[in-house]
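K.L.:
What follows is each chain in one-letter form.
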Amino acid sequence: MTDTALLIRDVDKFYGPVDYGVHAVKKLNMDVRKGEIIALLGSSGCGKTSTLRMIAGFEAVSRGTISLGGREVQTFAPVRRNVAMAFEGYSLYPPLTVRENIAFALKASKLSQSVVDDKVAGIAKLLEIEDILGRYPSSISGGQQQRASLGRALIRDASLHLLDEPMGQLEPQLRAVLRGRIKHYIKERGLTAILVTHDQTEANALADRIAVMEGGVLQQFDTPQKIKERPANLFTGTFVGEPPMNVFEASITGSETRVSFGLKDGVRLEYPASDFSHAVRDALMKRQKVVLGIRPYSVRRSADGVAGRVAVNQWLGDQTHIAADFAGGTMVLVEHDRTELAVGQPIGIRLDPSSLHVFDGDSGKAISHGEELA
Amino acid sequence: MDTMSPVERVLRALALTLVVVFFMFPIFWIFLMSFQTNETILSIPPSIVFSPTLSNYAALITGKLQTAAGTLDIAFMRNLGNSIFLSVTSVAVALVLGVPAAYAFARHKFKGSEDIAFTLLSFRFAPPLLVLLPLTQYFQWLGLSNTYFGLIWVYQLICLPLILWIVRGYFEDISADVEYAYRIAGHSWFATFRKIALPLAGPGIAAAGLLAFIFAWNNFVFALVLASADKQPVTVGALAFITSSGIQYGQIASAIVLSVTPTLALALYAQRYLVEGLSLGAVKG
Numbered sequence: 001m002t003d004t005a006l007l008i009r010d011v012d013k014f015y016g017p018v019d020y021g022v023h024a025v026k027k028l029n030m031d032v033r034k035g036e037i038i039a040l041l042g043s044s045g046c047g048k049t050s051t052l053r054m055i056a057g058f059e060a061v062s063r064g065t066i067s068l069g070g071r072e073v074q075t076f077a078p079v080r081r082n083v084a085m086a087f088e089g090y091s092l093y094p095p096l097t098v099r100e101n102i103a104f105a106l107k108a109s110k111l112s113q114s115v116v117d118d119k120v121a122g123i124a125k126l127l128e129i130e131d132i133l134g135r136y137p138s139s140i141s142g143g144q145q146q147r148a149s150l151g152r153a154l155i156r157d158a159s160l161h162l163l164d165e166p167m168g169q170l171e172p173q174l175r176a177v178l179r180g181r182i183k184h185y186i187k188e189r190g191l192t193a194i195l196v197t198h199d200q201t202e203a204n205a206l207a208d209r210i211a212v213m214e215g216g217v218l219q220q221f222d223t224p225q226k227i228k229e230r231p232a233n234l235f236t237g238t239f240v241g242e243p244p245m246n247v248f249e250a251s252i253t254g255s256e257t258r259v260s261f262g263l264k265d266g267v268r269l270e271y272p273a274s275d276f277s278h279a280v281r282d283a284l285m286k287r288q289k290v291v292l293g294i295r296p297y298s299v300r301r302s303a304d305g306v307a308g309r310v311a312v313n314q315w316l317g318d319q320t321h322i323a324a325d326f327a328g329g330t331m332v333l334v335e336h337d338r339t340e341l342a343v344g345q346p347i348g349i350r351l352d353p354s355s356l357h358v359f360d361g362d363s364g365k366a367i368s369h370g371e372e373l374a
Numbered sequence: 001m002d003t004m005s006p007v008e009r010v011l012r013a014l015a016l017t018l019v020v021v022f023f024m025f026p027i028f029w030i031f032l033m034s035f036q037t038n039e040t041i042l043s044i045p046p047s048i049v050f051s052p053t054l055s056n057y058a059a060l061i062t063g064k065l066q067t068a069a070g071t072l073d074i075a076f077m078r079n080l081g082n083s084i085f086l087s088v089t090s091v092a093v094a095l096v097l098g099v100p101a102a103y104a105f106a107r108h109k110f111k112g113s114e115d116i117a118f119t120l121l122s123f124r125f126a127p128p129l130l131v132l133l134p135l136t137q138y139f140q141w142l143g144l145s146n147t148y149f150g151l152i153w154v155y156q157l158i159c160l161p162l163i164l165w166i167v168r169g170y171f172e173d174i175s176a177d178v179e180y181a182y183r184i185a186g187h188s189w190f191a192t193f194r195k196i197a198l199p200l201a202g203p204g205i206a207a208a209g210l211l212a213f214i215f216a217w218n219n220f221v222f223a224l225v226l227a228s229a230d231k232q233p234v235t236v237g238a239l240a241f242i243t244s245s246g247i248q249y250g251q252i253a254s255a256i257v258l259s260v261t262p263t264l265a266l267a268l269y270a271q272r273y274l275v276e277g278l279s280l281g282a283v284k285g
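One line per chain: the protein sequences are A and B, in this order. Read the first sequence against our numbering and you will find it ends at 374, with the numbers running on by one and no gaps. Read the second sequence against our numbering and you will find it ends at 285, with the numbers running on by one and no gaps.
Hints in this document: simulated from the structure, not taken from any laboratory. Fair warning: there could be bad hints in the mix.
Within a straight-line C-alpha distance of at most 35 Å, the following computed DSBU-like cross-link-like pairs (lysine-lysine) qualify [to be verified]: (1) LYS34(A) to LYS183(A); (2) LYS64(B) to LYS107(A); (3) LYS195(B) to LYS183(A); (4) LYS264(A) to LYS228(A).
Since this is a predicted model, take the numbers as computed values, not measurements.
Given these sequences and hints, build the entire structure.
P.N.:
Put into structure tokens, the structure is as follows:
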């Protein structure tokens, strides 16, 4: 038996006629191993929900193949795919109580009543909905409906669990608690899950690997750490991370001993050539236009740094966010102490070469991350 | 509602009373007339004090209409039976055909689906007289004139578009994901249609059926032209009360009372479904 749970090959999705309609998903390739939790992360309209619904069988696949457990299923009706799904809009059956809604998902599995009762009780405890099991969907809150819908999906013993924005309606505290529990539940049972979310905290906390999508194109499919540290392109770099990565267009000049980035307003960042590996230097020197990216928590203040001017200074209770006017744009810094800086005050900014991400100015593809080639 | 002042309350009650009187008085008056003879009805000034008689109802039920010129045979009870049969069967056929069609139009966008749905709707706004003449010709060729089958077929022009368009709206209001959730739990689309879509749209289907029944019941012109006396419904049968020796107001009134009763009873019974149907939106997530 293969340990691949899901294989997506060259999948296109058009709404409307193929090749002429709205191209929602473009040549998607993805493989998911058994027992993995995958997050499809992206903004609205990026194609993540379309992808999920194609896997479930609610949307036709315009081109390409989807295989579940080794068999191609793209033409199968949902009933034959053995997948479970939690819907963003909850989609509970109005005439049934929460308990019946959840138990109902087990009907096809023909378990005895006592086993079903045990399972429902277990999942209800996990999701903290024990007290509303006897209520009807119309009489409970959105967050409770969402948890009931999540329970209905998780209780099943399907080969793949699809979770569409499973926690969007929950309060932050509950969300944090449930994230941990749900991950544990999925891992303990060896389930395979794909969740769609636009919340990167959720993706980072739950997923083994994250698939970042934008404009119907898979931008990067990697572990949360890799996505953060080695973004494949400018989109992933700026989309993932909070506050977002600072980016500045730059032109490169250099010699045997120096690498110099020319930013707007005549700002120059000079580094000794030894700060970069040979390969990186060669790659950089081939370009003229690049985009420099640096995470706000990697930016340091230093008296001998490049001059900037404080525009905003906010203490958020556990960290300070400083926005400074810098090289014709804004540089955001995160510091962990409360910083007393007045608006308008000049500061020196130092960008450590080891935390610099360099992207191609035209394609947006990553060239280097710190000292290493992308 | 609680913020209404007493004055507002009184004015509101007054306005409602006026509306009720305006609409209900004719029915009330007809109800009174049905227990009077033609002479008391036509007396001037009219009076609500009279000695009630059941002779009008007796005449309708026995089928013997007493007029100044003698006794006439009328087929009112048969007409009433025809009305019930034609309306019930037409609505039943329209439900069987229309509800699945409405579901298809609501859930699946296929080539020409909007055109087909709109064509069906257009039967409702084309004046019946426009199609009556060619229809009569066709029906004669096909041997469908003066048959229940033919009439029920023509009644589909009235019932089917109504049911199709009303029920379609109800199906569209049900979140498709509720059905998907059912299908992904291991059920076929047909089971989903039966177990999820139909029950959820139930109140809407009942409301549409009732409306179609009323429209079918009230139909006059198709039955007038396409059916002869023994197949005609009450709407056409009532013409028999306009006799050579005058209009039989008393019998007309009692005929109206009898013919209004089924629809009124049905509407009163179905009222709670109608209300439920209209508040379906409140259940959505």
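K.L.:
Which earlier hints can't be squared with this structure?
P.N.:
Number 2 only.
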